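*Asks:* Listed here are the chains, written in short residue letters.
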Amino acid sequence: MRSTFRWLEVAFWLVLVAGYVLWPGKLPLASQVLIAGLFALSYDLVLGYAGILSLGHAAYFGVGAYTAGLLAAHGWGEPISGLMVAGLVAALVGFVTSPLVVRGTDLTRLMITTGLGLLLFELANRLGTITGGVDGLQGVEMQPLLGALRFDIYGRTAYGYVLVVVFVLFLAARRLVRSPYGLSLRGIRANPGRMRAIGCRVDLHLAAIYTFAAAYAGVAGALLTQTTQFVGLDVLSFGRSAELLVMLIVGGAGLLYGGFIGAAVFMIAHHVLSSLDPVYWQFWLGVCLIAIVLVGRDGILGAGRRLLTLRRRRPVTVTAS
Amino acid sequence: MSGRLWGALSFAVAAIVSAGAAAQDVVRVGMIAEMSGPFAETGRQMVNGAKAYQKVFGETVGGRKVELIVRDSTGPAPEVAKRLAQELLVNDKVDFLAGFGLTPNALAVAPLATETKKPMIVMNAATSVITQKSPYIARVSFTLAQVAAPLGTWAAKNGIGKVYTLVADYGPGIDAETAFKKTFIAGGGEIVGEVRTPLRNVEFAPYLQRIKDARPQAVFIFLPVGEQPVAFMKGFAERELDKAGIRVIATGDVTEDGQLEAMGETPLGVVTTHHYSAAHDSAQNRTFLKAFADVAGPDFKPNFMAVGAWDGMAAIYEAIRRNGSGPIDGDRVLAALKGLKIDSPRGPIMIDPETRDVVQTVYVRRVQKRGGRIYNVEFEQIPNVKDPGK
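In the order they appear, the protein sequences are chains W and Z.
Each residue of the first sequence is one higher than the one before, counting from 5 in our numbering.
Each residue of the second sequence is one higher than the one before, counting from 20 in our numbering.
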């Protein structure tokens, strides 16, 4: 089981690398799918591993996006350092807000995260002189990557840049969830009371993963800003948080790759359907989503996994990996 | 699978695809419009307006077929708009970018127009700054400052001394408020109160009460096309501000032709300034209305957004004609657009050679009943208004 999954993993990343030549005209879309995938990975750490239900994750995405945008608009257009600062600022915001989020149960968390998301959205809307308000932030100009690679119209530099960043962060997340700390998170998701009883400091653990995920979301937001060289209020919108939840559920939560698969399926379906039928595509998207979730209750990856295990006739529990 | 093989393969595919595109007999226009979500009305107006133009003037110009490729920006989503523009330019090899109902989307695409030297025709988005963001942008619609400024002058001249202003709190609203106040105060008027309302989830009741208590002679409003003007007018009548002797003056967005009938009789007597009314009496407008009804059906009422797209297509057709038979060249097209005059359904318009923004007649209109239907009836006009926001 483990070895086949490794091979699949290698194949997954190889396809993405080959994508550079495989779909030359679709690189801008591919970059945005990867960014959405990273954002979904961040959400997966929070929801799939730690079990924190949130509807305001776009807050950290937006903080990262605006940080990178404001830096670039005020002359700091160097992408990599901008990305790091954006990640740190988002982590800071995540850390400051985490005490509000980690206490309480699912419903209170939903309320609090939704509220936080709306607050930040309105704040960005109100601070029009800084953020550009509804019109979006003007004058985001990126310097060439590593001083040599300009962000070109075909999206080649952007794709390579996004792919490398996403891969590095993915490796870190993979390492994290397989560490003892990652295991303890899963324990907390399964039974927080018992984890507390065996001496685990549940709130601290949750605050740590929430902060860590916020940093990831911030980096994803910053990548979007840097590759499109524009930030609008929509990075903080409620719709973005809700779509994120849909992507993760479609792909499969708690599996690391679920976010990427979900983001790819969601965005490619969105893209194809809206090109075919620019007016009523949302109807067809809805039909597709319902069908996917009905066929595989634990998302595309979960369903694929069950197929694999069935074929091998080996009893493997689906949630543990 | 060597990289070279893939390179060769993709090159071969690209060569086959572009062999069709490179043929000089097709000109592609990539139209980015809001076709779904809360702003879908904007997109539908624009696409039908453009199609109506093609229905009347044919799909070929100068021996070349003009192909319209429509993409849905889904609403105020700059990253989607930018990606669609990238794909239109790279994959579909469009010669023109067009459409744009919302300012953020137009602003996000502007750098691509500069980079690829492709002309970008803004058919609606109405914030002043847009045309300054790329030398390859030309706008055929209007700006809010352009239509709001003449209203300030008109109000001051026509016995309105005290005005309360209420605008939606975003770029266009602030543009409208600033322009109105400037000309109104210059004409001797007095602003007795001002308020900016949030862009969504507005409850007008408390604002209306405050306005009533301030006892202005008129209230100047700008609200985005859609539900808000309807809600405002309803509340205005319910709280009997009209009986308290308060009039409504507004930019034409508030009483736009598509929604006017849905508002019932409440807006009768409202004075607005705008660049287009469906009641405008001219042969061009009659042609436009007929073609639009043919394309979109009799129940879909066109408004100024459809006219923006119609005129955008007129500009594109003329630019293709003047470009000659060679490949479409951005600089040559822009040279052709600068100073271009179009006989629009709204009246004569011109693209300012310096700012590439539209110069046009602004009309003062009153909402009136005519033959059982409600129209914005034009009764005064101010010719050659430039955008004062520059």
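In case anyone wonders, no lab produced these hints; they're calculated from the structure.
Just so we're clear, the structure is a prediction, and the values are computed from it rather than from any experiment.
Keep in mind that the hints are not guaranteed to be accurate.
[Unchecked claim] Lysine-lysine pairs mimicking DSS-like chemistry, simulated, CA-CA at most 30 Å apart: (1) Lys-84/Z with Lys-30/W; (2) Lys-309/Z with Lys-388/Z; (3) Lys-84/Z with Lys-388/Z; (4) Lys-152/Z with Lys-30/W; (5) Lys-136/Z with Lys-200/Z; (6) Lys-30/W with Lys-112/Z; (7) Lys-200/Z with Lys-30/W.
*Asks:* Now tell me if each hint is right for this structure.
*Replies:* Consistency of the hints with the structure:
1. Lys-84/Z with Lys-30/W: Holds, at about 26 Å.
2. Lys-309/Z with Lys-388/Z: 21 Å, holds
3. Lys-84/Z with Lys-388/Z: 42 Å, violated
4. Lys-152/Z with Lys-30/W: Holds - the C-alpha atoms of Lys-30/W and Lys-152/Z are around 26 Å apart, at most 30 Å.
5. Lys-136/Z with Lys-200/Z: 38 Å, violated
6. Lys-30/W with Lys-112/Z: Between Lys-30/W and Lys-112/Z the Cα gap is close to 13 Å, so the pair holds against 30 Å.
7. Lys-200/Z with Lys-30/W: Not OK: Lys-200/Z and Lys-30/W at ~48 Å, beyond 30 Å, violated.
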